[in-house]
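Here are the chains, one letter per residue:
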Amino acid sequence: MSDELTFNYTIDGDDFTRAGEASSAVKNKLKMLGVDSDAIRKVAIAMYEGEINMVIHADGGAITVTVSDEEITMILADRGPGIPDVEKAMQEGFSTAREEVRSLGFGAGMGLPNMKRYTDEMKIDTVIGEGTTITMKVHL
Amino acid sequence: MDNNKFTRSVQLKESACQGCINCIKYCPTQAIRVHNGKAHIIDKFCIDCGRCIRYCPHHAKIAIYDPLSVINNFKYTVALPAPSLYAQYNNLTNVDIVLNALLKLGFDDVYEVSAAAELVSEASREYIKEHSNETPFISSACPSVIRLIRVKFPSLISRLLPIKAPVEVAAEIARARAMKKTGLKPEEIGIIFISPCPSKVSYAKSPLGIEKSNIDNVIAIKDVYPLLLPHMKHDESQLKPLSGSGRIGIGWCNAGGEVGGLFTDNYLAADGIVNILRVLEELEDEKLQGLTFVELSACNGGCVGGTLTVENAYIATNKTKKLTKYQPVSKNHLADNPDIGNLFWAGDVEYEPVFRLGNTFKESLKMMGDVEKLTAMLPGLDCGSCGAPTCQTLAEDIVRGDAAPNDCIYVLRSNIADLSRKIEHLTRDGISEKALSEEDDALLRQYIHELTSELASFGVPGTAKERKE
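Residue numbers (my numbering), protein chains in the order written: chain A, 48 to 187; chain B, 443 to 911.
Bear in mind the hints are in silico, worked out from the structure with no lab data behind them.
The structure presented is a predicted model; accordingly, all values stated were derived computationally and were not measured.
Idealized CB from N, CA, C, for every residue including glycine.
One thing to keep in mind: the hints can contain errors.
[Unchecked claim] Simulated coverage check for chain A against chain B, where a stretch passes if three residues somewhere in it have a Cβ under 8 Å from a Cβ of chain B:
id, stretch
1, 60-71
2, 89-99
3, 178-184
[What the hints assert, rightly or not] Here are the simulated EDC-like cross-link-like pairs (lysine to aspartate or glutamate), alpha carbons at most 16 Å apart as the crow flies:
id, chain 1, residue 1, chain 2, residue 2
4, B, Lys804, A, Glu117
5, B, Lys682, B, Asp860
6, A, Lys76, B, Asp727
7, B, Lys804, A, Asp83
8, B, Lys664, B, Glu753
9, A, Lys76, B, Glu881
10, B, Lys804, A, Glu118
11, B, Lys647, B, Asp508
12, A, Lys184, A, Asp172
13, A, Lys78, A, Asp132
14, B, Lys623, B, Glu728
15, B, Lys808, A, Glu117
16, B, Lys804, A, Glu51
17, B, Lys804, A, Asp116
18, B, Lys804, A, Asp132
19, B, Lys808, A, Asp50
20, A, Lys76, B, Glu814
21, A, Lys78, B, Asp727
22, B, Lys864, B, Glu881
23, A, Lys89, B, Glu723
24, A, Lys135, A, Glu117
25, A, Lys89, A, Glu117
26, A, Lys89, B, Asp727
27, A, Lys89, B, Glu728
28, B, Lys808, A, Glu51
29, B, Lys729, A, Glu68
30, A, Lys89, A, Asp172
31, A, Lys78, B, Asp781
32, B, Lys773, B, Asp538
33, A, Lys170, A, Asp132
34, B, Lys815, A, Glu51
35, A, Lys76, B, Asp707
36, A, Lys89, B, Glu724
37, A, Lys78, B, Asp551
38, B, Lys808, A, Asp116
39, A, Lys78, B, Glu794
40, A, Lys76, B, Asp538
So here's chain A without its partners, still in its complex pose (with noise of 0.2 Å):
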């Protein structure tokens, strides 16, 4: 088994403000860990779009980042209303996303498409009226 390291964030529902805490967070972690600034880039992108996607459709959940010297694991686990339609969910542009949130200049449809662009392995588990975990990898 190689080290690993984990942390463990909780998203705030509800808060516009403060999505973006933890990927910044995580950020700041990985530059000390030296990992590859490109790789970092991923990172934060991918999770910032989680953790805004929490905000807004589950209020909020928990994230757990886990490094390696091999990858960079994220999930997002939340409580929410979980995703009727994943293939519908992941094309660019579509959107559930109330007025309100979108006037602010979220909810533009892009979350999930950004989420897997910016990541090697993405995984979706939604159950209805349960919630949705997402488990992301970066490989280094």
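Knowing the structure of chain A, use the given hints to seat chain B on it.
Here is chain B on its own, set in the frame of chain A:
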């Protein structure tokens, strides 16, 4: 680069330092620690922004720069006034008043940095146009911004506009002109910059993007300002016409001035180190969309807010506006300067991973695990009493071997309480069972000795004579 050692302008004046924690709290790169009652600037973390100079209540942070007497070291000297110099004076109607006064002060010639700034603006416009698919670009005029990006934002290095700062271009032009005019050798000519900030003092010694700067010495606006006053004659008929820059060039000294010369609406101009840190974070995360150019100045208000200026930055901004109100937009054009050298950087700015914990990923990972454990153990008050700005930084310092857990007064207090409890326990046993055994007696002595040395390290900063190692 052969000159890897970064020569810093911002320094500590130890005799004035009281060992308080103001500077460590304000430093944007957490480059200052207080140990043994004195502040220490960690060279590799410092970006020379001068924020500690601004906030130190005891004036123990100072900028090192050259005295005016450096003009005696050369056969011929050219003054390069930063446009922020003009903004220091009340009711200035004509830049020639300042420029003529500089000649009276002893300079042989002057060349305005604002004139070169207009050439840089034009070159920037062309460069951005030719590289429109690589936007946004980040301005590279403020050396502290480049240094900040170099140590903290590696992914943004490629976004820096690879064009020399106006002061560097001015220095090149000034030297070339002086050589032509006088026939002197380059080393006989002194190119002296009159600077608003320590950041550019350091730049002249350790330039960024190029190998060696053409600036020979840097003197401070605050030194030159009072010396010029008696020489400033407002009778325009007696002034030599020396000035030659317009609104764009002079406007560079204000926040938003550089973008003013780029003729784009898709810009962001941020000033003040805390604000630019936030912008850089967001740029790194690609949260800011649709931008062509990002202007960043480390000082509030732009260069007029530099720590070597005299006037309030916002008053100075207003003065600049008044001074340039009736000036043409620009008086300098690349086409009129066919003999101008290369305006672009010669080399790359490279990432300096100074905040990396270990030498290898594996080592860093282990060290970070230790940092996490230590941080959880520390009180999380970020009180600064240990001399580090936050509990997290103390944990990092401990793991790097630069501090000890007992530097935290709360950890120390709890250790003392532990020892005291052990002593109490031993002596209570002693009372109930007559005398202490030889073993327990030795233990008691050991505890008391430990307690004494723990307490000895618990002095008041600044008065502490010894420090437990």
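Hints and how they fare:
no., hint, result
1, 60-71, "holds (count 3)"
2, 89-99, "holds (count 3)"
3, 178-184, "violated (count 0)"
4, B/Lys804 / A/Glu117, "holds (11 Å)"
5, B/Lys682 / B/Asp860, "violated (79 Å)"
6, A/Lys76 / B/Asp727, "holds (15 Å)"
7, B/Lys804 / A/Asp83, "holds (14 Å)"
8, B/Lys664 / B/Glu753, "holds (9 Å)"
9, A/Lys76 / B/Glu881, "violated (48 Å)"
10, B/Lys804 / A/Glu118, "holds (13 Å)"
11, B/Lys647 / B/Asp508, "holds (12 Å)"
12, A/Lys184 / A/Asp172, "holds (15 Å)"
13, A/Lys78 / A/Asp132, "violated (36 Å)"
14, B/Lys623 / B/Glu728, "violated (50 Å)"
15, B/Lys808 / A/Glu117, "holds (15 Å)"
16, B/Lys804 / A/Glu51, "holds (9 Å)"
17, B/Lys804 / A/Asp116, "holds (7 Å)"
18, B/Lys804 / A/Asp132, "violated (41 Å)"
19, B/Lys808 / A/Asp50, "holds (8 Å)"
20, A/Lys76 / B/Glu814, "holds (10 Å)"
21, A/Lys78 / B/Asp727, "holds (14 Å)"
22, B/Lys864 / B/Glu881, "holds (14 Å)"
23, A/Lys89 / B/Glu723, "holds (14 Å)"
24, A/Lys135 / A/Glu117, "violated (32 Å)"
25, A/Lys89 / A/Glu117, "holds (15 Å)"
26, A/Lys89 / B/Asp727, "holds (8 Å)"
27, A/Lys89 / B/Glu728, "holds (10 Å)"
28, B/Lys808 / A/Glu51, "holds (8 Å)"
29, B/Lys729 / A/Glu68, "holds (13 Å)"
30, A/Lys89 / A/Asp172, "violated (21 Å)"
31, A/Lys78 / B/Asp781, "violated (44 Å)"
32, B/Lys773 / B/Asp538, "holds (15 Å)"
33, A/Lys170 / A/Asp132, "holds (14 Å)"
34, B/Lys815 / A/Glu51, "holds (14 Å)"
35, A/Lys76 / B/Asp707, "violated (36 Å)"
36, A/Lys89 / B/Glu724, "holds (13 Å)"
37, A/Lys78 / B/Asp551, "violated (48 Å)"
38, B/Lys808 / A/Asp116, "holds (11 Å)"
39, A/Lys78 / B/Glu794, "holds (11 Å)"
40, A/Lys76 / B/Asp538, "violated (53 Å)"
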